[in-house]
Amino acid sequence: MTLAFPVLALIAIGVFSLIQGIEKPPAPGEEVTIGYVDKVSGFDEYARQPGGITLTAYPTQEAATSALLAEEISEYFIIPPDYVSTGIVTRYTLERELEPPGETQWAIKSFLLSNLLEGQTSPEVTERVKVPMNLGTVRLDETGQVATDQGGFGAFIIPYLFSILLVMAIFTSSGFLLQGLGEEKENRIMEILLSSVSARQLLTGKVLGLGAVGLIQILIWLLSARFLVELVSTTIGGFATTLQIPSNLLILGVVYFILGYLLFAVLMAGVGSISSTTREGQQLSMIFTMSAVIPFIIIPFIMQNPGHIVTQILTLFPITAPITVMIRMGLTNIPAWELALSITLLVVTIIGSLVLAAKVFRTFLLMYGKRPRLREIIRCLREA
Amino acid sequence: MPAVELNNICKSYNDNLVVNNVSFTVAQGGIFGLIGPNGAGKTTTIRMVMDIIKPESGEISILGESLNEDTKNRIGYLPEERGLYKKITVLQSLVYLASLKGMGNRAARSRAEELLQRVDMLPHQEKKIEELSRGMGQIIQFLATIIHDPQLLILDEPFAGLDPVNTNLLKEIILELRSQRKAIILSTHMMNEVEALCDRILMINKGRTVLYGELAEIKSRYRNNSVFLKFDGALGEIEGVVGKKDHGEYVELFLDGETLPQKILEQLVSRGVEINQFDISTPSLNEIFLQVVETGQ
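Protein chains in written order, with our numbering: chain E, 1 to 384; chain C, 1 to 297.
It is worth saying that the hints were derived from the structure and are not from the lab. Backbone N, C-alpha and C fix where the C-beta goes; we use that ideal spot for every residue, glycine too. Any given hint might turn out to be false.
Partial list, derived from the structure: chain C residues whose beta carbon lies under 8 Å from chain E [unchecked claim]:
(1) 17
(2) 50
(3) 52
(4) 72
(5) 74
(6) 77
(7) 79
(8) 81
(9) 82
(10) 83
(11) 85
(12) 88
(13) 91
(14) 101
Listing some non-contacts, in silico: residues in chain C with all C-beta distances to chain E over 12 Å [unchecked claim]:
(15) 14
(16) 57
(17) 84
(18) 115
(19) 149
(20) 210
(21) 284
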């Protein structure tokens, strides 16, 4: 999986480039005829529209329908008597579609605007009304100079994709830990292991070993991301040229992977030690995994409100912090104090969880056949 | 210096004292039987010896010192709950478990092959554990217990689930290990195996020691002071006999406290009673076990 993602990304870039290269140009002289019924009267000019679209008037809806069925027109629309006050235009087509084609919408809109403004202003102003602005944004830094990181969707997408990979890496590594513990309990080999190593050594070895594997995975993905973004930008162009990797993605990506993994590894160890089967452990661990993906569930809110108090809380709450920080990184500059506090809270939570999980681990690791009751677990946690 | 020394070990779970002031020693070159009914505290005691759980009070000394990394590598432990990694081969299992005890790869491999040869399982070395029968899996686990040549062996129910052939095989190996001056703790319900193998025993019931010492001494302590007799002819009155019990095929003669069985034999011979069988009754460990547990001693 570690190499699969960069390789798949390379293949996807290659396929996309190939498709772009063999894409057919539009056939010359291809005409589309759209019918319309003007119940207002006065919409009789500007029948030729861009994109080879011609609008043809029909006296009644029945005539337009007949022409549609006879394939003389591809579709038709009706301008009702109250169009000027309501703006409602109803379109009729035989096609099943998700939404009207862009060219059709543009042609109808252009036709209506041109006829509405006929005689009111110059043709140049009429064309400007149709496309009133091409809005460009330039982000300035604190000194008033043009910032190197311009933001936008291109700056968001890479950290967002990385947050998905981050959560996969964290849950894969900690999931292996849970699975391993569950199998060792089910296979009853746990006692043999504990006769050779202490519970603390067993837990540490598993956490560090699986963590090292996950860290290598993350580093490979982070380092290949820079190369892939360059490649996409040069081969595909267009939107791809706006792709950016935030300068602190490498550092924060590694930090939050390590801390996120340690937190979930410790939690999974605790869950694994109280579960009697692997399956039971996986079900219990859902409490933590479902909580961790809350930022993905409310991502539209975060995108709209990257500085909102709710987003800040998710940045500070240890279980949701790794994903939230990755997502926010592409949307805004996260204040340094928030990052510092988030990391501090994560570290404190990891230490606290480790102490509690170690107690649970030692006490329940050799309990087979039944899950300890909550009362027993709480009692274990209270005892020194 | 004893291989194992426990002094006044206590352990409780949820205010329930499951091991209560248990003390015993195990000598090098001896087989020590740890017996008791289900839930008596045997496995808990063994786990404390192995440092898997901590006692609340008392002291444990293993091979002359407290348990540490080095002493753990000199102990072989076969737990009651059997288990091996199912998806790896027999040889891989043995080599891995030997490596946990500090053995090098090459040495572990060589020793594993030697042991597999000993138990006629060398052809199975590349089979996965899940492909073996339960009995074969248990043999492999026993081999994993001894592969690193430990000085102390702790075997919890080693014969459970084994057929008579494999039981015999294990007994042979255990006796070989004793002759090599290994210290062995054997925890089992099979009293006949304890009688056959053990020199000294500790019987534990409800967390307390109820019997401890040399097996022969314990058996003589619980002797009924009677003899079993198969004979032809008439017995008549015999001096020193205070009671008789007819068991059908034989008669049991109960002696008073001062009369030795030899005196009874002399009287019977002098009267011309044709004696077909004369046994001094010695209770089996099983009978002693039942007596102790049922009387709640």
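Tested hints:
1. 17: violated, 16 Å
2. 50: Holds - the Cβ of residue 50/C comes within 8 Å of chain E, reaching about 5 Å at its closest.
3. 52: holds, 5 Å
4. 72: holds, 6 Å
5. 74: violated, 11 Å
6. 77: holds, 4 Å
7. 79: holds, 4 Å
8. 81: holds, 4 Å
9. 82: It holds, given that the least Cβ distance between residue 82/C and chain E is near 6 Å, below 8 Å.
10. 83: holds, 3 Å
11. 85: holds, 6 Å
12. 88: Because about 11 Å separates residue 88/C from the closest Cβ in chain E, which is outside the 8 Å limit, the hint is violated.
13. 91: violated, 16 Å
14. 101: holds, 6 Å
15. 14: violated, 8 Å
16. 57: Holds, because the least Cβ-Cβ distance between residue 57/C and chain E comes to about 15 Å, which exceeds 12 Å.
17. 84: violated, 6 Å
18. 115: Consistent with the label, residue 115/C stays out of reach of chain E, its closest Cβ about 16 Å off (over 12 Å).
19. 149: holds, 15 Å
20. 210: Non-interface label stands for residue 210/C: nearest chain E Cβ at 26 Å, farther than 12 Å.
21. 284: About 31 Å separates residue 284/C from the closest Cβ of chain E, which puts it past 12 Å; holds.
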